[in-house]
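Listed here are the chains, written in short residue letters.
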Amino acid sequence: GAVVSQHPSWVICKSGTSVKIECRSLDFQATTMFWYRQFPKQSLMLMATSNEGSKATYEQGVEKDKFLINHASLTLSTLTVTSAHPEDSSFYICSAASGGSITTEAFFGQGTRLTVV
Amino acid sequence: KNEVEQSPQNLTAQEGEFITINCSYSVGISALHWLQQHPGGGIVSLFMLSSGKKKHGRLIATINIQEKHSSLHITASHPRDSAVYICAVETSGSRLTFGEGTQLTVNP
Numbered sequence: 006g007a008v009v010s011q012h013p014s015w016v017i018c019k020s021g022t023s024v025k026i027e028c029r030s031l032d033f034q035a036t037t038m039f040w041y042r043q044f045p046k047q048s049l050m051l052m053a054t055s056n057e058g059s060k061a062t063y064e065q066g067v068e069k070d071k072f073l074i075n076h077a078s079l080t081l082s083t084l085t086v087t088s089a090h091p092e093d094s095s096f097y098i099c100s101a102a103s104g105g106s107i108t109t110e111a112f113f114g115q116g117t118r119l120t121v122v
Numbered sequence: 027k028n029e030v031e032q033s034p035q036n037l038t039a040q041e042g043e044f045i046t047i048n049c050s051y052s053v054g055i056s057a058l059h060w061l062q063q064h065p066g067g068g069i070v071s072l073f074m075l076s077s078g079k080k081k082h083g084r085l086i087a088t089i090n091i092q093e094k095h096s097s098l099h100i101t102a103s104h105p106r107d108s109a110v111y112i113c114a115v116e117t118s119g120s121r122l123t124f125g126e127g128t129q130l131t132v133n134p
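These protein sequence lines map, in sequence, to chains A and B.
Sequential numbering from 6 applies to the first sequence in this note's numbering.
Sequential numbering from 27 applies to the second sequence in this note's numbering.
Honestly, the hints are just simulated from the structure, not real lab data.
These numbers were taken from a predicted model, which means no experiment stands behind them.
The beta-carbon is built from N, C-alpha and C at its ideal position, and this holds for glycine as well.
Zero decoy hints are in this set.
Far from chain A by the CB rule (all over 12 angstroms, computed), these chain B residues:
1. T38
2. Q40
3. S52
4. V53
5. K79
6. K81
7. N90
8. E93
9. N133
10. P134
If you want the footprint, here are the derived chain B segments under chain A, 3+ residues with CB under 8 angstroms:
11. 62 to 70
12. 123 to 131
Keeping only pairs whose Cα atoms sit at most 30 angstroms apart, straight-line, the calculated DSBU-like set for lysine-lysine is:
13. B:K79 - B:K94
14. B:K80 - A:K46
15. B:K94 - B:K81
16. B:K81 - A:K46
17. A:K46 - B:K94
18. A:K69 - A:K25
19. A:K19 - A:K71
20. A:K60 - A:K71
21. A:K25 - A:K60
Based on the sequences and whatever the hints tell you, model everything.
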């Protein structure tokens, strides 16, 4: 199956700093990437949908100025958590789709565990 | 009420047992996904269903569109099957809405 690589797998940062998470589709062109957040013992929640070459669509309650998403190429999307606070500590995971839809199966990155201290 | 509900939330089984995890949803969907999440957090897609039944090795997934219900079965369960199993429904715009997951523990 297709491979989606997410980096880093874990990161610890100080409050007030910014953290960038990368999501790469290694063997297919991902026109759409999805960013999710998962708090402990909870289900994944969609944060935003990222389409190559256009602005991301954010879900209600997700601050677009705090969670910056860039999808500059068909194989790379980045999520930057700006001015991180301890409440941003969570598991962030991306998934990728080709052709604007998940047609056969969903391809997920390995996830990034962010801890803000 | 969540749009996607799974049961049970937690399931403990002995090696070799037949396992069933259920998923009910309340919205119109284009597809339903079964995912497996390991303790480290990584997620693997098991099945994508829009109708009927699929089988892959010891895993079987079924869906009843009229009843808005899907089941994931594991035959001859093994400790390595221990993970969180997540049901997700795909709605308009390829959005996935997730169930809360079922924590499966298979004891040797």
